[in-house]
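**Q** If you read the sequences in order, they're chains A and B. In this text, residue positions in the first sequence follow the working numbering: the first is 749, and each later residue adds one. In this text, residue positions in the second sequence follow the working numbering: the first is 882, and each later residue adds one.
If you're looking for bench data, these hints aren't it; they were derived computationally from the structure. The structure presented is a predicted model; accordingly, all values stated were derived computationally and were not measured. C-beta: ideal position from N, C-alpha, C; glycine also. A portion of the hints provided could be inaccurate.
Claimed, not checked - Pair ranges (Cβ atoms, derived):
hint, chain 1, residue 1, chain 2, residue 2, range
1, A, D752, B, R934, 33 to 41 angstroms
2, A, A800, B, R925, 18 to 26 angstroms
3, A, A1091, B, R934, 40 to 48 angstroms
4, A, L1096, B, E884, 45 to 53 angstroms
5, A, F1111, B, R925, 50 to 58 angstroms
6, B, Q1037, A, L809, 49 to 57 angstroms
7, B, G1026, A, R963, 29 to 37 angstroms
8, A, V1094, B, E884, 43 to 51 angstroms
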Amino acid sequence: MLTDDDLTRLLEEAGSSYDVPLEGPDYVLEERADGGTVVPLFRRRWVQLSAAAAVLVVGALVAQSVGNSPLDTRTTASENSAALDAGRDGGAPASVASQGGSTAIPSYSGGGGTTGGTSGAVASAPQVAGGKAVQQGSVAATVDDTNRVVKTGTVTLLVDKGKVSATVQGLQAVVTGARGFIANQSSQEIGSNPSATLTMRVPVASFESIIKGVRGLGAKVVSVESSGKDVTAEYADTAAQIASLKAARARFLTILSGARTIGETLSVQQRVDEVQGRIDRLEGQRRVLANQSDLATLTVSVSEKDPTALATKERSGFGKAWDDAKDGFTSGVQALVAHSGRALLVLLVGAVAFVVLRLGWRFARRRFV
Amino acid sequence: MDELDEWLKRDYATAYRTACLVLRNPIDAQDAVQEAFLRVWRFRDAVPAGDARKAWLYRVVVNACISRIRSEQSRTGRDDGDLALETLASTQLTPHDSAERSQLAGDVVAALADLPETLRVPLVLRFYAGLSEKEIAVAIGRRPGTVKSRLYDARQRLALDPRLTAWVAPQEAAQ
Chain A
749 MLTDDDLTRL
759 LEEAGSSYDV
769 PLEGPDYVLE
779 ERADGGTVVP
789 LFRRRWVQLS
799 AAAAVLVVGA
809 LVAQSVGNSP
819 LDTRTTASEN
829 SAALDAGRDG
839 GAPASVASQG
849 GSTAIPSYSG
859 GGGTTGGTSG
869 AVASAPQVAG
879 GKAVQQGSVA
889 ATVDDTNRVV
899 KTGTVTLLVD
909 KGKVSATVQG
919 LQAVVTGARG
929 FIANQSSQEI
939 GSNPSATLTM
949 RVPVASFESI
959 IKGVRGLGAK
969 VVSVESSGKD
979 VTAEYADTAA
989 QIASLKAARA
999 RFLTILSGAR
1009 TIGETLSVQQ
1019 RVDEVQGRID
1029 RLEGQRRVLA
1039 NQSDLATLTV
1049 SVSEKDPTAL
1059 ATKERSGFGK
1069 AWDDAKDGFT
1079 SGVQALVAHS
1089 GRALLVLLVG
1099 AVAFVVLRLG
1109 WRFARRRFV
Chain B
882 MDELDEWLKR
892 DYATAYRTAC
902 LVLRNPIDAQ
912 DAVQEAFLRV
922 WRFRDAVPAG
932 DARKAWLYRV
942 VVNACISRIR
952 SEQSRTGRDD
962 GDLALETLAS
972 TQLTPHDSAE
982 RSQLAGDVVA
992 ALADLPETLR
1002 VPLVLRFYAG
1012 LSEKEIAVAI
1022 GRRPGTVKSR
1032 LYDARQRLAL
1042 DPRLTAWVAP
1052 QEAAQ
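Using the sequences plus the hints, can you model the full thing?
**A** Dropping the structure here:
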């Protein structure tokens, strides 16, 4: 076996057999005079700054895409038709009706229908349970360029016998804590199958936390469905039409002020009224969109568990544990599938960024060595 | 005396002989080392300071040598790099060079020529240039574990080469 010393000696012997050219260093020094210093690509300030900026932009885009989760195009027909109906009516959306229960129901009134004049101001905002008023008009006016999503969801809960009322109270507390309100409530507490259905309106930002809160009430969650519809384009289009019509109205009013005959005055006034009517209708549509996209709608159905099923489940502790395990497995798989899209996107972007950076780094290093 | 002058005085001879052992061609070795020193000098702002500079210098030398081997392979149109390397060396060594070379050196150089480039380079860097395994890893752009493995393989192959064992065994016997 060759030792380190053997190899060192042998290679020293072989290396020393090559005579070092005395003029070699001089050649290097002569050639050196022809070339200046080169700052490698990856050491150049502008490249570093550009790379940092690119990383920031990509990071921001990824964060935004993850934050604004992929929008499900599913939406309830009733929501859309309500918006369209309200828009066609040319006024504010119908007030939210109370159908029972002791919850304070907010009023929501519009200010459409006026003609002449330069009105068009947005009417009063709904008063949200918990004391916070959401200024629909002002919100709509200031967030024109933000994403607007109409978000809806349904949750079905099963509770133990006699727990419907307590669960409803818990739901009220959850909604109030999230600065939302109960828009609609119906309950049947007497009879063989007590149940309740609550329609909640909550700020969009609190939608997920509300669902978590509902899950945390201790009731068995049978199903959770949520969907969203992006109405940003529709909202922006409506706002643009309103702005255009307001400009037209201002021009007609200028003409009106200069009219000299009754015929001219009546003709121009008619046009002003037409424009004002269209403005009012569009304002109504915009308020509906603003309301729907500011406040998500969550419908929760609560009913008692089937007594026979309860008896079956409570028959054995092992059986209950087995059912819990199955439920846990199912919900775990559901959660995995639900988040796999985002995770895949993040992984994909990360992989692409890694490959690009890796290739860029190798390229830069090769340029140097 | 400037910085480049210092580098040349300290490292030129070793770098040149390292390139000779890799390329087996003094003319190409001189060109490669000259090119390497100039490149290091031009990119001196990117060269790490301290001991790491040596590993970088040899990295550039090794890359220059490998570039020459590759270009020679493509020029001759042959993919079996070591055969091409042998041919290159055997055809370009002058009789005068061969005569001056001792028998021992000739056997070592011949044994090195039988090693593939991936084993020859780390071996020369380790036992001639005196680089550590970590520095060799930087120089060849591989992990230290890979370097260790390649050094082991190279040593195993050389241990079976009768041209070298003939030179090692008598000394061990004498000791």
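**Q** Against each hint, give a clear statement of whether it holds in the structure.
**A** Hint check results:
{"no.": "1", "hint": "A/D752 - B/R934: 33 to 41 angstroms", "in the structure": "violated, 25 angstroms"}
{"no.": "2", "hint": "A/A800 - B/R925: 18 to 26 angstroms", "in the structure": "holds, 25 angstroms"}
{"no.": "3", "hint": "A/A1091 - B/R934: 40 to 48 angstroms", "in the structure": "holds, 44 angstroms"}
{"no.": "4", "hint": "A/L1096 - B/E884: 45 to 53 angstroms", "in the structure": "holds, 47 angstroms"}
{"no.": "5", "hint": "A/F1111 - B/R925: 50 to 58 angstroms", "in the structure": "violated, 20 angstroms"}
{"no.": "6", "hint": "B/Q1037 - A/L809: 49 to 57 angstroms", "in the structure": "holds, 53 angstroms"}
{"no.": "7", "hint": "B/G1026 - A/R963: 29 to 37 angstroms", "in the structure": "violated, 49 angstroms"}
{"no.": "8", "hint": "A/V1094 - B/E884: 43 to 51 angstroms", "in the structure": "holds, 47 angstroms"}
In this structure, the hints that do not hold are numbers 1, 5 and 7, in rising order.
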